[in-house]
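So you can see what is in the structure, the chains are spelled out below.
Number of protein chains: 2
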Amino acid sequence: MNLPSWLETTSRNHPDKLALTFGEERWTFAELYRHVNAAAETLTSALPDPPGRIGILSANRPGFVLAVLAAVRLGIPVVPLNPRLSPAELAFQIADADITLLLADETHDAAAVAQSSRNLAVIPISSIENRPEKTLPSPCAQGEGLGVRVNLTAEAAVFYTSGTSGRPKGAILTYGNLWFSAISSVLHLGHRSHDVWLLTMPLFHVGGLAILFRSIIGATPVILHDRFDPQRALHAIDAGAALVSLVPAMLDRMLALRNDRPWPPHLRCILLGGSAAPPQLLETCLRLGIPVAPTYGLTEATSQVATLLPEQVQAHLGSSGRPLPLTDIRIVTEHGEAPPGAIGEIEIRGPTNFRGYLGDSEARDPDAWFATGDIGYLDDDGYLVVVDRRHDLIISGGENVYPAEIERVLRSHPLVADAGVVGIPHETWGARPIAVVVWRGDPTHADPELRRHCATELSSFKIPDRFVLATELPRTPSGKLLRRVLSEHIAPARRGT
Amino acid sequence: MNLPSWLETTSRNHPDKLALTFGEERWTFAELYRHVNAAAETLTSALPDPPGRIGILSANRPGFVLAVLAAVRLGIPVVPLNPRLSPAELAFQIADADITLLLADETHDAAAVAQSSRNLAVIPISSIENRPEKTLPSPCAQGEGLGVRVNLTAEAAVFYTSGTSGRPKGAILTYGNLWFSAISSVLHLGHRSHDVWLLTMPLFHVGGLAILFRSIIGATPVILHDRFDPQRALHAIDAGAALVSLVPAMLDRMLALRNDRPWPPHLRCILLGGSAAPPQLLETCLRLGIPVAPTYGLTEATSQVATLLPEQVQAHLGSSGRPLPLTDIRIVTEHGEAPPGAIGEIEIRGPTNFRGYLGDSEARDPDAWFATGDIGYLDDDGYLVVVDRRHDLIISGGENVYPAEIERVLRSHPLVADAGVVGIPHETWGARPIAVVVWRGDPTHADPELRRHCATELSSFKIPDRFVLATELPRTPSGKLLRRVLSEHIAPARRGT
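Each protein sequence line maps, in turn, to chains A and B. FYI, the numbering for the first sequence is 886 to 1382, going by my numbering. FYI, the numbering for the second sequence is 886 to 1382, going by my numbering.
FYI, nobody ran anything at the bench for these hints, they're computed from the structure. You can take every hint at face value.
Just so you know, same-sequence chains aren't split out, so a pair can sit in one copy or run between any two.
No more than 25 Å apart at the CA atoms, straight line, and that leaves these computed lysine to any residue pairs for SDA-like: (1) K1054 with H1298; (2) K1054 with H1090; (3) K902 with Q1199; (4) K1054 with A999; (5) K1054 with T1341; (6) K902 with P1195; (7) K1054 with A1248; (8) K902 with A1124; (9) K902 with D1264; (10) K902 with R1077; (11) K902 with L1202; (12) K902 with R1153; (13) K1054 with H993; (14) K902 with L1194; (15) K1054 with A1289; (16) K1054 with Y1242; (17) K902 with H1201; (18) K1054 with E1232; (19) K902 with D1265; (20) K902 with E1196; (21) K902 with Q1197; (22) K902 with G1203; (23) K1054 with V1271; (24) K902 with G1226; (25) K902 with L1171; (26) K902 with D1266.
Only a predicted model underlies this, so the values are computations on that prediction, with no experimental measurement involved.
Work the whole structure out from these sequences, hints included.
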């Protein structure tokens, strides 16, 4: 099933409308269209044959937007990579996803990355950022571009997300996943031609990229920030942003800066996702009249799954709202589908469900339910309450941290007999990983040695805050780690840790 | 490709929101959902096996809405029939579309209709209008209804539209056609949770039915009128309707009643379709600040194809606007695709293009261009200007009238040697058919006899206003009727005719 190209129809219908701002730079949709076409030419000449996938290793910047949209034009999947990946993690994902061309920003040593992987071309992302000549055809010229269509069932992007296996897995999203996600959000939140989105979430997360696609599909301008800065985010909202996605830690910092001064009335919705919204944060928003919308989402469902609308927060505090219009949710326990109020595993179905993981022997049935691993219930009014994210998942500052991945690294150290990782609540980051280790060496060496060992394999945000030594770990007779017991045995962090 | 059921997700997410009003009657989405389920049970017990298609022969009324939505739930295609069809036309469409169950309103003699067709069950449409008991399950009860999904590629409805062949043809629309049409309209016009649609167009036209589906998919209430009445339409707009579809003759009558009194500010958009909007009508709207949106659409594209937004009317008077986001338009002449400004045949492509006509040997390629037969051009800014509807098409009061169909009937009269039909402009109806006939009998008998003959075969609105006698008709050497020459030879109607 094919649709007309999103960027082309939007630039055809709204050529002079603002599409993107980044700092002092501005692009209309017609300018963005021309620039993306020029970027597509650059990528085409840099791509090997066969092309594999295009990796992007960068903070938010115009080149990121151009690379993604140029890849859509070429029909080549992109793999947005977390810039904080360790060299070992990066090499694994580049090989696993068959990335043949990598666009990297200046914080990465292109030569070093290229050496780490065979058959990889690395080009600076700045190389596609020079604006093309104005003489290039405009999107209104009839026929120009009409041949390019979007195949909804084709692969659009791969996002890495770790499973219980301890190895990150590449979740494959199709163009249809991205399109239906945008439409479902439009139906749920409404759609106004004067809406402006503030995009301060990283584009290498599905929640950031989904905002970009929603804006291209709906012809709504995006204010892009290179990274989250609470003062600049407040400034962008005061200057006209109507919609923004945040994680609770971000909103906390903005509230602290703003004090009780009022927020502008044009602000329609703050999508609050990533981890559970603390009740006191929501109560502050209610008191100040800030339109906050707690959201439950996950990579495998192209971000948004359920969203509590601002006008529903007062009556449904603690809920993540009703499912989006194109998503079905059910709760499943060992006894099958659960009635309202009963807690079980959250399962979801709909056209935003991903196609499967890289390396799966076959694609997922698009009509199959996806078991999220998250725990929750549907109340009598059909509102979802998420009781617990996957029991092994630690969400730290909006990043997913998977204990199994850290445990695998810890156990690879010759002096570690066993290791378990759990998350504990953290004032700033929501949660942080703590490791419990059965250590065979000198206890005084354990902390620096384990820290050094983790740093060679893991992104810095995955390195446990503390390494607690133990003589054995609580396990079931079949050997399964009892994380809940483990976390109960960890002493709370001392103040200031 | 399947989506969750539209009515079920909307009633799950908006159970207490107003869905439909009709006179003093009101339904919330949850009530509508229960009522549709009850109607589906009634239809199931009345349907033969195999079920064929469900015909609806009725003016706008709640039973029409319930029948359509119950058929969606059952996955059985509906055929909305024009209540003004002659018995012969009706019998043809019932047989051609394999209608096995017909829901008819009181203006039709059910027994007579049933006798006219073999294997046809006829039930009064009122039989599904009694509200079900309140004890039926609500849509929030988890699991209930989650099994019902909408297959976007399956057939949803057949609308009859005549071709040059002189025989009406059944255009097949899929659920996907209806869904993408609703979404494309939402993206083009915006979407607000407080929008209310006034539905005063007939539901047996695709333009009326499309409004119903748009409202179910977008969770926006519909005010349903049994027929167009300018005073009641004005009243509904004053009472809160934000969006309405009209043909120019309707808007004319509303403007005449309203005089220069202001229209309410909550009125967002009057979609003006059916036939070309007269410039003086648009100028009146501009002067009074009425948000009118001239629209080009056709049955084979599930209604809307291009819409000039209210804020664009001033600068683009005479245009039908830019294509909807999911539609591509190109202009084709004998030299191929035409450049901007060049006049040619309008061709369209996109997911709202119909699947084909009943009786076609194979389904249309969903990615193929559809040649509309209408004539127009795209200006330098990509706005469509419709120069002429299909040269043989007469649009009279919003109804399509096909000369070839009337000519076939005229030529079947034993005293008619030849016949040609053209449209001439009409103050109230936009255009009316006029017949030019080569008559072998007594000229004084021609008018009453031809009028009687047409009435046995044709809907009353298709009967020519006048029968002009001639000794021969202008034809090309190959025998093709020269309609343009024909219309130039018809004397203008006398005042009052």
